[in-house]
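Participant: Each chain is listed here by its residues.
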Amino acid sequence: MKYFGLIWAQLWRRPKRTWFTVISIAVAFLLFAVLIGFNVVLDQALAKLDSRLFVVSKYSQEQLPLAYRAQIEAVPGIKDVSHMAFFGGYYKDRRFGLPVYATDITKTFHIYRSLFDVPEDTLQKMRENRTGALVAKRLAGAYGWKVGDRVALSSTIWTNKDGTSDYPVDIVGLFESKDGATEGFAGAIFINYDYLNESRMFLRDSVQFFIAELGDPKSSPEIMSAIDARFANSSSETRTMTEQALLESQMTTISDIELLINAIVAAAFFALLFVTASTMAQSVRERSPEFAMLKTLGFSDAAVVALVLAEGLLLCLFAAVVGLLVARVVFLIVGNIFAEAGIPWIVILQSFGIAAALALISGALPALRAGRLTIIQALALKR
Amino acid sequence: MSSFITLHRVTKRYQAGQNMIEVLYEHDLSIEQGEFVALMGPSGSGKTTLLNIIGGLDTVEKGQATVAGAALHAMSNRELSRWRSQHVGIVFQFYHLLSMMTAERNVMLPLLLTGLSAAQCKQRVRIVFELLGISDYLQRRPEELSGGQQQRVAIARALVTDPALLICDEPTGDLDRENAEQIMQVLQQLNREHGKTIIMATHDPQAAKYATQVMLVGKARESEAATGRTAR
Chain A
0 MKYFGLIWAQ
10 LWRRPKRTWF
20 TVISIAVAFL
30 LFAVLIGFNV
40 VLDQALAKLD
50 SRLFVVSKYS
60 QEQLPLAYRA
70 QIEAVPGIKD
80 VSHMAFFGGY
90 YKDRRFGLPV
100 YATDITKTFH
110 IYRSLFDVPE
120 DTLQKMRENR
130 TGALVAKRLA
140 GAYGWKVGDR
150 VALSSTIWTN
160 KDGTSDYPVD
170 IVGLFESKDG
180 ATEGFAGAIF
190 INYDYLNESR
200 MFLRDSVQFF
210 IAELGDPKSS
220 PEIMSAIDAR
230 FANSSSETRT
240 MTEQALLESQ
250 MTTISDIELL
260 INAIVAAAFF
270 ALLFVTASTM
280 AQSVRERSPE
290 FAMLKTLGFS
300 DAAVVALVLA
310 EGLLLCLFAA
320 VVGLLVARVV
330 FLIVGNIFAE
340 AGIPWIVILQ
350 SFGIAAALAL
360 ISGALPALRA
370 GRLTIIQALA
380 LKR
Chain B
0 MSSFITLHRV
10 TKRYQAGQNM
20 IEVLYEHDLS
30 IEQGEFVALM
40 GPSGSGKTTL
50 LNIIGGLDTV
60 EKGQATVAGA
70 ALHAMSNREL
80 SRWRSQHVGI
90 VFQFYHLLSM
100 MTAERNVMLP
110 LLLTGLSAAQ
120 CKQRVRIVFE
130 LLGISDYLQR
140 RPEELSGGQQ
150 QRVAIARALV
160 TDPALLICDE
170 PTGDLDRENA
180 EQIMQVLQQL
190 NREHGKTIIM
200 ATHDPQAAKY
210 ATQVMLVGKA
220 RESEAATGRT
230 AR
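As given, the protein sequences belong to chains A and B, one line each in that order. Under numbering that gives the first Met the number 0, read the first sequence as residues 0 to 382, first letter to last. Under numbering that gives the first Met the number 0, read the second sequence as residues 0 to 231, first letter to last.
No lab work stands behind these hints, which were simulated from the structure alone. Glycine included, C-beta positions come from ideal geometry on N, C-alpha and C.
Quick list of the computed label-pair ranges, beta carbon to beta carbon:
1. A:Ile-263 to B:Ser-98: 37 to 43 Å
2. B:Gly-194 to A:Phe-3: 31 to 37 Å
3. A:Arg-371 to B:Ser-29: 31 to 37 Å
4. A:Leu-272 to B:Ser-29: 51 to 57 Å
5. B:Met-74 to A:Leu-259: 54 to 60 Å
6. B:Thr-10 to A:Phe-3: 41 to 47 Å
7. B:Ala-70 to A:Leu-272: 41 to 47 Å
According to the in silico footprint, chain A covers these stretches of chain B (three or more CB under 8 Å from chain A):
8. 44-58
9. 68-81
10. 95-103
One chain only, chain A, in its complex shape:
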């Protein structure tokens, strides 16, 4: 620690250059934290979804008959079943869609009891109020809604029997995820399926998908086969998958993009390696007389090498911290799935690891050069 003052002072010898270097490195870590952090949060969320099955139409976008629910419930190993219909909701401006699901509130929140803790009296109010709605706390906050408000939701999919697209709902409760997540259902609005089903003009008694809770998650392959076999050769064949698999399939395109962006981030770090190395080399060259002076005071060659490496390390770690802090601010501004979860620890640790590697690799040659300086030659540079 006693060398910190010297290292820090050396680092800021040319403040403008140091800041430019810090910004270059920080931008790379900002990209890294946002993109890789997104990946990690997604993986963590998916890993939690292994005890539920989703039953969807074998043919994309097709509806399934509500009557399937009883048959799914009858499959051995199934503990509970709920159903859901996409609502295609928006509030006032159809350009800004809302995640609204019409469902069997009681069943759905029972299946997701490990994720959401909704009081029984709130569920009771939903059952008693046909137009009731449960709204994610974060979403309600964003729109300024509170319990008791009547909200004029509209649907881009379902025409009401009265010829409009309007489905006014009454907010009976707010909910939030136990683990602080705000993605998927944790950021949604739930309305009663019966309200939608009875009000809509067409495709009554149909659903988008069923959610089935398993007694034993390990038996999911056999149960998935059993469900799909039950509806084989019917007019609405099914495809059953784990919740994780469903989300992963929806994320395939995103994953491809992530792969591409990961490659870009890697390339950015690789390029950064040369920028940092060049900056450090220039800095060491300019300070040759200063390193020589340190050697005259008794600093050994190895100590000078260590000082230069430590300086690079401090620069890269400082820049990484700046990048991560900016990433955190970006998450807060975007207000999406990272907002409450924060940057995963693994990404923070990876960032510091990369920063250290960047410093050591880019600083190695300049540090060796500084270590090899002879006092006589280096001091002659100043004359």
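Given chain A, put chain B in place with the hints provided.
Facilitator: Just chain B now, kept in the frame of chain A:
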């Protein structure tokens, strides 16, 4: 009894382009402890080379260099570094202070290599600043100090580890007359009152007057031998 500083048949050559320049050839020199020696001679005569060898900044090619009982010619780079940190203070013509650090932090640099605590280091620095009468400069950066003031800070840095030997390479070479006189008075005081052995290379006869003896180096040796003891 051997002298505090003894050079015996020291030879030193430097590569200059394609040529080898022989700066010292079988050079002998001896200086007793507590002396204040001015090395004089024209440019290229080998004054700075002698200082570098005595200060452990450079190695001899042939011969023996013994300073304060240490055989510098037999030491490795690492050993020379350690020896310098404990036994020598070096003052340069151009001060070589680190511009982004205060005078106090500059002077504290040699103490980083000691086992002293931060508080002890600060205490040592303050004592040296008081000794040199420059306590007002503690928190100033080099750019806020005149040349003479910077040189005093550089002397403080050389003194802070309390070395027995001070090596000064043209310490007044970058200063006006008034500041040069003040610096020389400081060096004289360190020699007289604190018993420091000082070896100084200079072109300035006025500065050389403060020394207890003048050694003429190189070509100047023959023509100015009468003014003092010469290095052979």
